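Chemist: Each chain is listed here by its residues.
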Amino acid sequence: MKIKSPKNFWAGLMFIGTGVFFVVWAMVHYQMGTAVRMGPAYFPTMLGGLLAFLGLLVLIESFAVEGPKVPKFAFRPLILISFACVLYGYLMKPLGLVGATAVLVIVSAYGGHEFKWKEVIILSIALIVFSVLVFVKGLTLPFPLWPAAFS
Amino acid sequence: MDAGILGNLWLGFQVAVTPLHLMYCLIGVMLGTLIGVLPGIGPVATIAMLLPITFNLSPVAALIMLAGIYYGAQYGGSTTAILVNLPGESASVVTCLDGYQMARQGRAGPALATAAIGSFFAGCVATLIIALAAPPLAEVALKFGPAEYFSLMVLGLVAATVLAHGSLIKAIAMVVFGLLLGIIGTDVNSGVLRFTFDIPELSDGIGFVVVAMGMFGTAEIIANLEQGEHREVFTAKVGRLMPSKEDFKRIWAPIMRGTALGSFLGILPGGGALLASFGAYTLEKKVSSHPEQFGKGAIEGVAGPEAANNAGAQTSFIPMLTLGIPGNAVMALMIGALMIQGIAPGPQVMNEKPQLFWGLIASMWVGNLMLVILNLPLIGMWIKLLSVPYRYLYPSILTFMAIGVFSLSNNPFDVLIMAIFGLIGYVCVKLECEPAPMILGFILGPLMEENLRRAMLLSRGDPTTFITKPISAGFIIASVILLLIVALPALRKKREEVFVEEPK
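So the sequence lines, in the order shown, correspond to chains A and B. Letter by letter, the first sequence follows residues 12 to 162 of this note's numbering. Letter by letter, the second sequence follows residues 121 to 624 of this note's numbering.
Read the hints as simulated data drawn from the structure, not as lab findings. What you are looking at is a predicted structure, and each value in this text was computed from that prediction instead of being measured. For each residue, glycine too, the CB sits at the ideal point set by N, CA and C. Keep in mind that a hint or two might mislead.
[Stated by the list, open to error] Just so you have them, the derived chain B footprint on chain A, three or more residues with Cβ under 8 Å:
| id | stretch |
| --- | --- |
| 1 | 29 to 39 |
| 2 | 51 to 58 |
| 3 | 70 to 76 |
| 4 | 93 to 100 |
| 5 | 119 to 130 |
Starting from the given sequences, assemble the full structure and let the hints guide the process.
Modeler: Have a look at this one:
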């Protein structure tokens with residue numbers, strides 16, 4: 012058997028995996044109940060089963076119908092953009108809004124095509140000023156501005 | 121219903137023209153135009169970004185502003201399509217075909233004006249349609265029991281998958297995936313924590329805003345970054361704005377047809393601006409006496425779709441406002457906005473909150489007027505904006521998204537979840553699995569389970585209740601017919617054709 016449509020092959024596997032996971036987890040941990048009084052496991056088990064079934068259809072189709080290859084993943088932006096967001100969240104309390112925004116802008120800019128320190132620094136300053144004026148002063152969101160150690 | 125349509129609209133206008141609401145309407149339509157003009161950020165991500173902020177506004181102001189973003193984006197998207205040959209907003213993909221050709225022939229001005237006039241006309245008509253169609257629909261919906269609601273949601277989800285492009289099975293699978301994700305959190309019936317993996321933050325479920333921003337925000341930025349930057353702004357000369365008499369003769373009929381078709385397609389579950397513009401372009405090409413001009417600068421190819429996408433954007437509010445059921449991802453966000461304000465969406469909103477309901481509708485007309493007055497003179501400014509490189513834009517967008525998500529509960533966990541959904545969204549894009557159906561499933565998941573449980577309890581476990589009750593049976597039959605239509609090979613080919621008609 013040859014995989015004719017790699018996109019569908021992986022999509023099918025993804026759906027089957029997710030569906031089976033929800034079914035198994037629900038059956039092991041929660042009560043099924045009856046059709047009249049559905050327990051917490053009833054609906055997820057139905058849906059999980061349906062998802063796995065649909066995934067199986069997609070998987071079978073991938074051996075029958077020709078389809079495009081999975082395009083390459085752009086790992087650099089993928090990792091850096093995601094990482095930049097996570098950093099922002101976890102640095103907000105220790106570093107404050109100013110520091111967290113600067114980190115977010117620098118790391119995410121590094122995930123792009125061109126990285127020029129001068130541009131990136133100007134951009135971070137502009138975004139920090141904008142965030143402080145609009146979100147902290149204007150909308151009074153309770154964000155710390157500076158690192159916790161200073162205040 | 122005693123006040124009559126005119127009385128209701130009068131009430132609406134009284135709400136909409138207060139200075140505060142005028143201001144939020146203006147902010148909404150300007151923001152909408154801005155993000156409509158900029159490729160790479162759409163109304164879904166913007167509205168998701170602003171949702172946390174609307175917590176501080178009154179419900180009326182919040183909805184007026186968010187609605188303005190959606191229909192404002194339709195205006196802005198056409199500007200980019202005509203001048204840059206890029207869809208600033210997904211619904212303006214077809215406008216690129218003839219709009220850009222017109223610009224190359226030195227007729228950018230009339231193309232832009234045609235888009236604005238068509239949109240304005242469509243916006244006015246759609247506002248009236250909402251005012252006329254919503255009250256009777258809401259009245260019917262008030263009689264719905266859990267079985268009817270469940271079947272209606274099935275129909276909505278089926279329609280959303282039928283109208284999504286690409287593989288039907290994958291779209292249905294994405295809906296089911298969304299439904300499953302919606303289940304995460306505390307089960308309202310038993311109090312059991314489901315799929316929370318002992319993470320306390322998950323006990324309230326995954327925030328809708330967080331999922332939407334990840335799937336449509338960060339995922340899209342990553343996808344844009346790998347494509348690289350190649351943008352040529354066609355700013356040489358916009359030229360005379362007003363279309364000639366000859367042009368007017370050619371555009372009035374397409375505008376009427378586009379408005380009618382767009383209004384109809386907008387109401388359908390799964391419909392909205394995108395489908396409307398594709399449908400209108402195909403229709404114009406069919407009825408035209410000179411179809412060979414299409415793709416080479418036919419003004420009808422701008423007028424029809426532009427009217428249709430605006431009409432569709434507005435009438436897609438009808439199912440959301442009257443039934444509490446979102447037809448597309450933007451409407452799902454609107455429901456999120458209502459819930460943030462503590463308002464349960466559904467047919468009762470119209471009677472319990474007439475100011476909100478009619479104020480929103482009247483504001484749409486006001487907003488359309490603002491757009492047509494402001495937009496044509498401001499085109500120069502929007503063109504300048506288009507020359508801002510993406511490497512400045514995306515860190516800015518990310519910053520606003522991160523602030524928005526973090527401010528939901530001042531918890532870094534939300535930002536982490538957003539990043540994870542960014543990854544999931546990116547993988548889905550790579551595997552050609554549409555994220556929009558998933559978002560609809562996600563928002564409807566808990567509602568569907570609740571109604572399914574109630575319906576089965578009332579019928580004492582008899583699943584035939586869904587086909588023995590006439591209204592419910594109607595919805596189920598409609599869903600089955602829809603699925604069959606798409607499964608039939610001849611029509612499936614047609615459907616692919618419509619969606620393939622994209623510029624390179």
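Chemist: Indicate, hint by hint, whether the structure satisfies it.
Modeler: Hint-by-hint comparison with the structure:
Restraint check on the stretch 29 to 39 of chain A versus chain B: 5 residues with Cβ-Cβ distances below 8 Å, three needed, restraint holds. Coverage of a stretch by a chain is defined here by at least three residues with a beta carbon nearer than 8 Å to that chain's beta carbons; for the stretch 51 to 58 of chain A and chain B the count is 4, and the condition holds. Requiring three or more residues with a Cβ within less than 8 Å of a Cβ of chain B, the coverage given for the stretch 70 to 76 of chain A is violated, as only 1 such residues are present. Counting residues of the stretch 93 to 100 of chain A whose CB falls under 8 Å from any CB of chain B gives 7; the rule of at least 3 is met.
Only residues whose beta carbon comes within less than 8 Å of a beta carbon in chain B count, and the stretch 119 to 130 of chain A has 7; three or more means the coverage holds.
The earlier numbered hint that this structure contradicts is number 3, and it is the only one.
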